[in-house]
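S.K.: Okay, so the sequence shown: first residue is 1 according to my numbering, each after it adds one.
Treat the hints as calculated values from the structure; they're not laboratory data. Just so you know, not all the hints are guaranteed correct.
Stated by the list, open to error - DEER-style ranges, computed between Cβ atoms:
no.: 1; residue 1: Trp-43; residue 2: Gln-64; range: 21 to 27 Å
no.: 2; residue 1: Leu-61; residue 2: Gly-12; range: 29 to 35 Å
no.: 3; residue 1: Arg-44; residue 2: Arg-16; range: 16 to 22 Å
no.: 4; residue 1: Met-1; residue 2: Asp-42; range: 26 to 32 Å
no.: 5; residue 1: Arg-16; residue 2: Phe-54; range: 18 to 24 Å
Beta carbons: idealized from backbone N, C-alpha and C, even for Gly.
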Amino acid sequence: MIAAELVWLIIGREWRPVDALLRLGPGILMLVALRFALTGHDWRWVMTALLLSFPVHLADLMRQR
Numbered sequence: 001m002i003a004a005e006l007v008w009l010i011i012g013r014e015w016r017p018v019d020a021l022l023r024l025g026p027g028i029l030m031l032v033a034l035r036f037a038l039t040g041h042d043w044r045w046v047m048t049a050l051l052l053s054f055p056v057h058l059a060d061l062m063r064q065r
């Protein structure tokens, strides 16, 4: 579903791929963290995915200004 939304943003709304990835990136990383948590991975994997989502979110906010 996220891949379909990415394609729609790039083709349908004519966003640049970087803008679309920055917009969807934090959500993708949080879903990865959730998957790690639900499948019993070590907490370090969950925390890494969550920590990586924050700078991507900040980059998206800075790009929107």
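S.K.: Given a hinted range of 21 to 27 Å, is it respected by the beta-carbon distance of Trp-43 and Gln-64?
M.R.: Taking Cβ atoms as reference, Trp-43 and Gln-64 lie about 32 Å apart, which means the hint is violated.
S.K.: Honestly, do Arg-16 and Phe-54 meet the 18 to 24 Å range at C-beta?
M.R.: 22 Å, holds
S.K.: Is 16 to 22 Å a correct range for the gap between the Cβ atoms of Arg-44 and Arg-16?
M.R.: 33 Å, violated
S.K.: Do the Cβ positions of Met-1 and Asp-42 conform to the proposed distance bound of 26 to 32 Å?
M.R.: At 27 Å between Cβs, range holds.
S.K.: Could you say whether the range 29 to 35 Å given as a hint is met by the Cβ separation of Leu-61 and Gly-12?
M.R.: Given about 23 Å between the Cβ atoms, the range is violated.
Against the hints set out earlier in the document, violations occur for numbers 1, 2 and 3.
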